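Could you put the whole structure together from the sequences, leaning on the hints where they help?
Sequences listed follow chains D and A, in order.
So the first sequence is residues 1 to 205, counted in our numbering.
So the second sequence is residues 206 to 389, counted in our numbering.
Check the hints yourself; a few may be wrong.
[Stated by the list, open to error] Heads up, incomplete: computed chain D residues facing chain A, CB under 7 Å, no partners named: (1) F3; (2) A11; (3) P12; (4) N16; (5) A19; (6) R24; (7) V34; (8) G70; (9) S95; (10) R99; (11) W109; (12) K111.
Hints in this document: simulated from the structure, not taken from any laboratory.
All figures in this text were calculated on a predicted structure; none of them were measured in a lab.
All C-beta atoms, glycine included, are put in the ideal place defined by N, C-alpha and C.
The chain contents come next:
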Amino acid sequence: MSFLSEVVSGAPIPVNKRAYFQARLRNRLYDFVVTKFLERERNKELTRAELARRIGRKPESITRLLGAPGNWTLGTVSDLLLGINGEELEPASLSLLDRPSRNFAREDWIKEDSSNAKEKVQQSIDALLEEMKMIPDVKSRVVMLVNWTAAQLDGIARLNDLGGGNEKIKALASELRLRSSAFADAVVANTPYANQKPSGSTPSG
Amino acid sequence: MSIRDEINGQIAEGRLHNLKPALASDSVERTMLISAEIHGHLIGPWPNATAAKRFGELRADLESFVKGENVAVCLDPYMARNAYMGRLDEPSDEVWDVRSRDPKPALRVFGRFAERDVFVALTWSPRSVPLQGYLRKPLGDKDSREWRDAIIECKAEWKKLFQAYEPIPGPNLHDYISTNVFLV
Numbered sequence: 001m002s003f004l005s006e007v008v009s010g011a012p013i014p015v016n017k018r019a020y021f022q023a024r025l026r027n028r029l030y031d032f033v034v035t036k037f038l039e040r041e042r043n044k045e046l047t048r049a050e051l052a053r054r055i056g057r058k059p060e061s062i063t064r065l066l067g068a069p070g071n072w073t074l075g076t077v078s079d080l081l082l083g084i085n086g087e088e089l090e091p092a093s094l095s096l097l098d099r100p101s102r103n104f105a106r107e108d109w110i111k112e113d114s115s116n117a118k119e120k121v122q123q124s125i126d127a128l129l130e131e132m133k134m135i136p137d138v139k140s141r142v143v144m145l146v147n148w149t150a151a152q153l154d155g156i157a158r159l160n161d162l163g164g165g166n167e168k169i170k171a172l173a174s175e176l177r178l179r180s181s182a183f184a185d186a187v188v189a190n191t192p193y194a195n196q197k198p199s200g201s202t203p204s205g
Numbered sequence: 206m207s208i209r210d211e212i213n214g215q216i217a218e219g220r221l222h223n224l225k226p227a228l229a230s231d232s233v234e235r236t237m238l239i240s241a242e243i244h245g246h247l248i249g250p251w252p253n254a255t256a257a258k259r260f261g262e263l264r265a266d267l268e269s270f271v272k273g274e275n276v277a278v279c280l281d282p283y284m285a286r287n288a289y290m291g292r293l294d295e296p297s298d299e300v301w302d303v304r305s306r307d308p309k310p311a312l313r314v315f316g317r318f319a320e321r322d323v324f325v326a327l328t329w330s331p332r333s334v335p336l337q338g339y340l341r342k343p344l345g346d347k348d349s350r351e352w353r354d355a356i357i358e359c360k361a362e363w364k365k366l367f368q369a370y371e372p373i374p375g376p377n378l379h380d381y382i383s384t385n386v387f388l389v
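So this is what it looks like as structure tokens:
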């Protein structure tokens with residue numbers, strides 16, 4: 001079962017996952033705001049004392065706020081963005097589904113535990129099929145399948161020493177991701193009844 | 206043989222896990238290896254909803270490090286009230302804690318740096334009040350026996366895993382974390 005299975009299926013989302021996303025949002029906002037402050041501080045355009053003065057707080061409270069997002073409220077975010085850069089937060093949200101797989105920026109010397117690799121692959125396939133069942137339109141299913149395939153190729157390249165083959169496999173995975181939407185369009189165009197709603201399954205999520 | 210070989214050996218044996226973001230789309234910029242105990246708490250099952258919620262939040266907090274988000278760090282013991290990570294007393298022990306403060310009960314995760322940008326999280330404790338369903342005692346005041354024992358336990362767990370290898374020493378911030386880090 002994937003981390004997003006309840007999100008995809010429309011089932012009740014467990015408390016641990018809701019808590020995860022709440023903390024994730026808080027941490028992302030913190031990173032967003034702190035990055036802006038550090039950039040201005042690095043360029044000698046703003047100090048903590050100046051920021052404190054601008055938003056009517058004590059300098060020590062700025063140090064506290066920049067250290068951790070624990071006590072942040074929406075008002076804190078507004079004050080900080082306003083004081084740092086004269087900005088406001090622009091609301092937007094993105095689907096958690098159909099995102100490309102991660103970019104491994106770090107040197108990848110850590111080997112995955114391969115002792116139960118077969119079982120893990122089967123679990124991954126099961127999770128993919130389960131998620132695909134919940135998605136009504138063919139295009140989104142194909143995009144999901146292509147991205148999943150690219151992720152598997154990345155995994156193969158990461159875990160095996162294939163000489164020059166590793167780079168070729170990574171390039172193929174990257175190409176698949178880039179073209180996933182166009183590929184899905186082509187599949188839809190060539191699949192009779194692709195846009196017809198499947199009978200007997202109603203997406204609830 | 207290097208500490209990297211040791212780490213891979215411990216992963217193969219199931220004593221360490223490479224913490225990856227729950228969402229496959231998140232990038233991986235740093236490495237956090239977590240003990241089997243911490244891994245178990247992050248993935249569940251949990252004895253109650255409070256624990257499920259708290260460890261869900263802890264997971265997000267630990268992933269901030271892995272994703273390379275900005276982290277506030279303190280190198281001076283007892284001065285790091287607002288930092289994400291702090292080096293504990295004695296600094297030469299190279300024992301650190303990651304603070305997951307919100308909501309109560311706050312949690313501390315103890316570990317050491319195996320390399321720059323590679324943190325090994327070994328043990329944990331609630332900070333001030335117990336977490337219902339778990340035996341680990343709150344750390345309490347800074348001079349408490351529980352704090353001392355938590356540091357000793359972290360060093361002992363490290364020794365069990367990496368007998369021949371010491372954690373990396375400082376003294377500078379960027380000896381531990383390369384980018385997106387600042388001192389508080």
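Hints numbered earlier in the text: which of these fail when held up against the supplied structure? Numbers 2, 3 and 9, in rising order.
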